[in-house]
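Following the hints, position chain B against chain A.
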Amino acid sequence: MSITRRSLVKNAAAFGAFAGAGFPHVWIKNTDLAVAANGEIRVGVLFSLTGTTAIIEESLNKATILAIEEINAAGGIKGMKIVPVVEDPASDPATFSEKARKLVVGDKCVSVFGSYTSASRKAVLPVFERQNNLYWYPTLYEGRECSKNVIYTGAVPNQQQDEFVPWLIKKFGPKFYMIGSNYIYPKEENNYCKKLLAKHGGEVVAEEYVPLGHSEFSSVINKMRSAQPNVIFSTVVGDSVVALHRQYRAAGLDPEKMPMASLTTSENEIAAMGGEAAAGHFTSAPYFQVHKSPENEKFVAAYQKRWGADKVTHFVSESCYFQTYLFKQAVEKLAASDITPPTIRDAVKGAETIAPQGKVRIEAANLHTWLWPKIAQAKSNGQFEILVQSSAWLEPVPYAAYPGQVCTEKGLSQT
Amino acid sequence: MDQFVQQIVTGLSIGSILLLVALGLSIIYGSMGIINLAHGEFVMLGAYAAWTFQHYFGLGLLESLVPIFLVVAICGWLIERYVLSFLNNRPLDTILATWGVGIILQQAVRLLVGGELRYVQLPASLSDSTELLGVQVSVYRIFLFFAALTLFALTWLLMNRTMVGMKLRAIIQDRSIAACFGVNARRIYALTFAYGAGLAGLAGALVSPLKSVSPEMGTGYVVDAFMVVVLGGVQSLAGTVFSSFILGELSGGIAFLENDTVAKTIVLLAIVVLIRFRPEGLFTTRVRA
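Read top to bottom, the protein sequences are chains A and B. Take 1 as the starting number for the first sequence in the working numbering and just add one per residue. Take 1 as the starting number for the second sequence in the working numbering and just add one per residue.
Looking at chain A on its own, in the form it has when it is part of the complex (with noise of 0.2 angstroms):
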């Protein structure tokens, strides 16, 4: 082969990318941990402002900004200030990580709060691990992962289904129809759900999943009506909720007879959707608007003067506030010097905060948070009704669907 200019140039440039790929700690040097100074503490917040779940996201942008405003308010922490250091990841995963490289390794940011879908948790998971950087990730998920790097702060399936599903099935009967999006959550979350059904006496009747961003679901409907079931368990995710409800209810279906039982529906999605296509539905999580306790009124009239009276907070937007609250506490425990990702996540290890939902902890051995769950059915005005709130906090138990695997301090131990 001749060695033609183009050729050569095209080379070169493979070259260089299997390099960088293949070798990136002989190029790029690991510079010495993020580490607060100058009296300033900067943190990254990474949430969509863009793109298709910038819809939800901003509220997590809000919710986080609101709670380093009251910290910085009341006095910082220590006399030092937090200061965000927000970016826009526009729904991209790819954009994720880049951005996540830079609030770490350009701004040196001691911890980043972000991300609400898998995807984009995955996609920045390595540059955490690599710079040795803590994630606070807010949203609920479908558990079985195991990082030191990461602080997830939203339900694991065993803490949204211990009580629902039994519930479900003494309330309304066995037969379950699954409807999700086609991704990796709905999957896990059907995953558990199934083997909560086998001990608990329900059944599958039918387990089916719609392209992502799906607004069709007549087809759907029809197999409901014929298939009968007494509860249609849903994780169904964005705005393929919203056409689902919708339709359901042009469809004539009753909630009472077959209601929806949805492990995603929150305040955000019903304001999406309108109270009226959302009422007489059921949802689990830790955490509802409604929810009476002196910590959450405090919340909800903070957030409401802070971004209009018209705004909502759910389940994902309280962990946002409550996870900001105990970064702070984390870092409030070292010394002025010694504020590094890696102290911090020993700090927090344990650490307890009430907040709206309750008191939470987070567990030492996973980094995962203990949390209080309830049910709740959904109301036309657009709020919930809690029905029942389970009497003591659930351990989160990430690879509840999977026996002989535990998250340790160590990492995954199988047996």
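In short, the hints are calculated from the structure, not lab data. Wrong hints could be hidden among the right ones.
Unchecked claim - Restraint-style ranges between C-beta atoms, simulated for each label pair:
(1) A:Gly275 <-> B:Met166: 45 to 53 angstroms
(2) A:Gly79 <-> B:Ile103: 43 to 51 angstroms
(3) B:Phe277 <-> A:Gly308: 50 to 58 angstroms
Glycine is no exception: its CB is placed at the ideal position from the N, C-alpha and C atoms.
Relative to the frame of chain A, chain B by itself:
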């Protein structure tokens, strides 16, 4: 048997939504030959117009249909007049320009009214479901079916029985000769584009009670609309109707037997194969090249 009837009715309903969305594109792309990637954004504008009239002026969906048509048609007219009319006979540039316009519209809406999902209330008189041929059907879906057919009939009359339609057909056959006969091609093009945009706006308004309203909602619709028009054969209004219902029945049926993910894949695959063997689509009107 019941299930079969139910599924046929569902297919008709999905087809009528496809027809609504594709009708405007059938004019703009099919007749005028403009590959309009901002079509989905016109649908989105219509949905937001419906939301605005409902939210700020308390108007019901049915009362606001005419103003919605006018608002989106005016947007279409402005875009034709100030962007596309400079790009005559430059199809590639037109694709880029309409794509850009689409992004601008999306982000403009996001800036103006925010990125939250919105919804439009079903008209109270149409919010029930009823028994039809022994199966339960939503009244609103029946209404959509007839609305789609009515709009199709109006469009067909406009194209084939009015002066504007005749002039348009003359321009499509040969622009310069038509101009020699005193047809103002620029004006007719702008009007037709505005009409197509208005139709897309109506489609957005009409489907909004069943779907969610967001700045990005158009992206899905533009794909559907192109599938329908390409399958039906460009330049064939009747083809658009048939292909909408074929696609509606097909995707509804497969979704019932399998699931929606499979349905989407098979329908796309079928169209690709069909285009390979019949590039001109299912229905073609013979035109002199």
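Hints and how they fare:
1. A:Gly275 <-> B:Met166: 45 to 53 angstroms: The hint (45 to 53 angstroms, Cβ to Cβ) holds, given that Gly275 (chain A) and Met166 (chain B) are roughly 51 angstroms apart.
2. A:Gly79 <-> B:Ile103: 43 to 51 angstroms: At 46 angstroms between Cβs, range holds.
3. B:Phe277 <-> A:Gly308: 50 to 58 angstroms: holds, 56 angstroms
Violated hints for the displayed structure: none, as all numbered hints are satisfied.
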